[in-house]
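Student: Chain residues, written in single-letter form:
Protein chains: 2
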Amino acid sequence: MDVLNSTVNKIGEINEELYAIAQKRLDNLTKPPGSLGRLEEFARRLVAITENKTPILDKKVVFTFAGDHGVTEEGVSAYPKEVTAQMVLNFIRGGAGINVLARHAGAEVVVVDIGVDYDFKELDGLMKMKVVRGTRNFARGPAMTKEEAVKCIETGITLAEGYAIKGYKIFGTGDMGIGNTSPSSAIAAVLTGKKVAAVTGKGTGISDDSLRKKISTIEKGIRINAPDPKDAIDVLSKVGGAEIGGIAGLILGAAANRVPVIIDGLISTAGAMIAFTIEPKVSGYLFAAHNSVEVGHKAMLDAMGLKPIVDLNLRLGEGTGAAVAMLIIEAGLKIYREMATFGDAGVSDEIIN
Amino acid sequence: MDVLNSTVNKIGEINEELYAIAQKRLDNLTKPPGSLGRLEEFARRLVAITENKTPILDKKVVFTFAGDHGVTEEGVSAYPKEVTAQMVLNFIRGGAGINVLARHAGAEVVVVDIGVDYDFKELDGLMKMKVVRGTRNFARGPAMTKEEAVKCIETGITLAEGYAIKGYKIFGTGDMGIGNTSPSSAIAAVLTGKKVAAVTGKGTGISDDSLRKKISTIEKGIRINAPDPKDAIDVLSKVGGAEIGGIAGLILGAAANRVPVIIDGLISTAGAMIAFTIEPKVSGYLFAAHNSVEVGHKAMLDAMGLKPIVDLNLRLGEGTGAAVAMLIIEAGLKIYREMATFGDAGVSDEIIN
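Chains as they are written, first to last, in the working numbering: chain X, 0 to 352; chain R, 0 to 352.
Check before you lean on any hint, since a few could be wrong.
Copies of one chain are not kept apart here, so a pair can be met inside one copy or by any two copies together.
[Said to hold, decoys possible] The list that follows gives simulated cross-link-like pairs (lysine to any residue, SDA-like), each with its CA atoms no further than 25 Å apart:
1. Lys194 to Ile223
2. Lys80 to Asp118
3. Lys297 to Pro32
4. Lys297 to Arg37
5. Lys201 to Arg37
6. Lys120 to Thr340
7. Lys201 to Thr340
8. Lys212 to Asp348
Note that these hints are calculated values from the structure, not bench results.
Could you build the full structure based on these sequences and the hints that come with them?
Tutor: See below:
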């Protein structure tokens, strides 16, 4: 708990005093005030988060945390659980959606085995930081012990610290884990107070019958484990999963180091909700990448006051939405850094009425 | 009219038979079917538009058409009309929003003087294709003659043909012209049948009083000129502007050459409505970049059956939204071209239920 506690203690509010300084520069660029809408918002926020009046995003990284889930025994997913390990190998070879989109965004992909039920060899690009070999089935008891849950979070913190020190300027989060929409919806239900049915969707694509079964499985898991909504570690340990804990830790570690984080879809946002419940100040450091097809996603974004950047009907996970959003956030920063001012350009900034 | 007529005759439907072939490849990539949502839609559409099973977007360009508007005499804009020419010079120097965002998207910017009320020197990067030296005030009579309107469209066609031959694979459209939301809203009202007040917004940022004056000016212009909504050339000539005609021509020329076009906001979409009224098949070649703050924009997108890619509260024009959308469309194409298939990756594509 020491790493977790000292990290949380380091997290400050973002520096909103810098909004005015950033906005002054934005308003002096050769465009009508506010006409670049949310691109201007992204630039302002990067300035306030980093406390740097001219931030730059030269080193970018998406962390894809992978873990397995005992709850797949209950038939809650469309794919067999072996796919988690197979996809990790696909990430390492560069063939997955996140590899393609991160390349497009100029970001590296760091794949983290935090809980996969498979023994990987040493592989370039794979961080072997396994805390559990798959979680236990939360429909029958706690997914993890409290110690395991804390270790997952501290693993994320360690990664955030390390990459902040190496000079990475923005993090994206992503996930891989067959079955992981179930713990994510469970977290959404417990931490937003909404009914399980209102925050549970079809994941990678199950039938209506399977969706009903998934909902009742999650309801049963919450009933049996009775997670305390005021205690994020309790919630994480009761329903899992390891990758969600890793994401929560990454966010806490990033906020402690004033690094902005782009959260992907449902699973990453469940991780963010865990971090937010531990320390609400983290929301200032977060960008919500996209509006996921998964219904539980919006409930959690609303709880944290975050507005998604794109709405492209994505539901893949891995960090794919975060990579797309990274391109747009960087567009806002380039506007801020590279556009000419009225003075530079000899353009009239007189407004007639 | 010969160039216009022969171009329109060349425009065919997009090849929807290729959707199935593209979708088959998309469904064989290492992801649940459909899980990359609209990114998959963009890839499918690029295949159907280009009739190329593996299209590539190696050469990209945004055309920013500039023109002045006699209707600025009526006090419909927040900025003096001299700003049009000043901004053209800013584009040439690379300091404007469109320069920054096109660089980010890996696209060139081609600036076209099609109707600016200023005599530019020869400048690298400026296409001097002036048809009118500003339009006439459409609140007092026709903005252009029919011959001028056709010449604006044919100028756009010539550019599209030239850049298609040079191997550019996707075009973005953009505009610069103080006062040009007024003719655009006039076009929206005439061609969608909606009331002027329902399709007129505050442009670069006028007051409520000025908005009322702008609406009554546009209403007066439509009453005096009585444009025929079935005759797009009549509409274009009566309310203008030159840059809107250039954009319409660019779209017709692109469709005739099977080049996809990303249309920016209100002004570009008014150009698209002119092209669509001449030949409805063009809508198959169009991508709507974003959901503009300007209220007339959505009415025209709906009329053409187009759904915006991003919603970032943009209202700058120049092609800035098109440049952002280009990044996302290319993301979809890279997914299609670069992701591993289940077979390549040794990932199970068995679906359990």
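Student: Any of the earlier hints contradicted here, and which numbers?
Tutor: none
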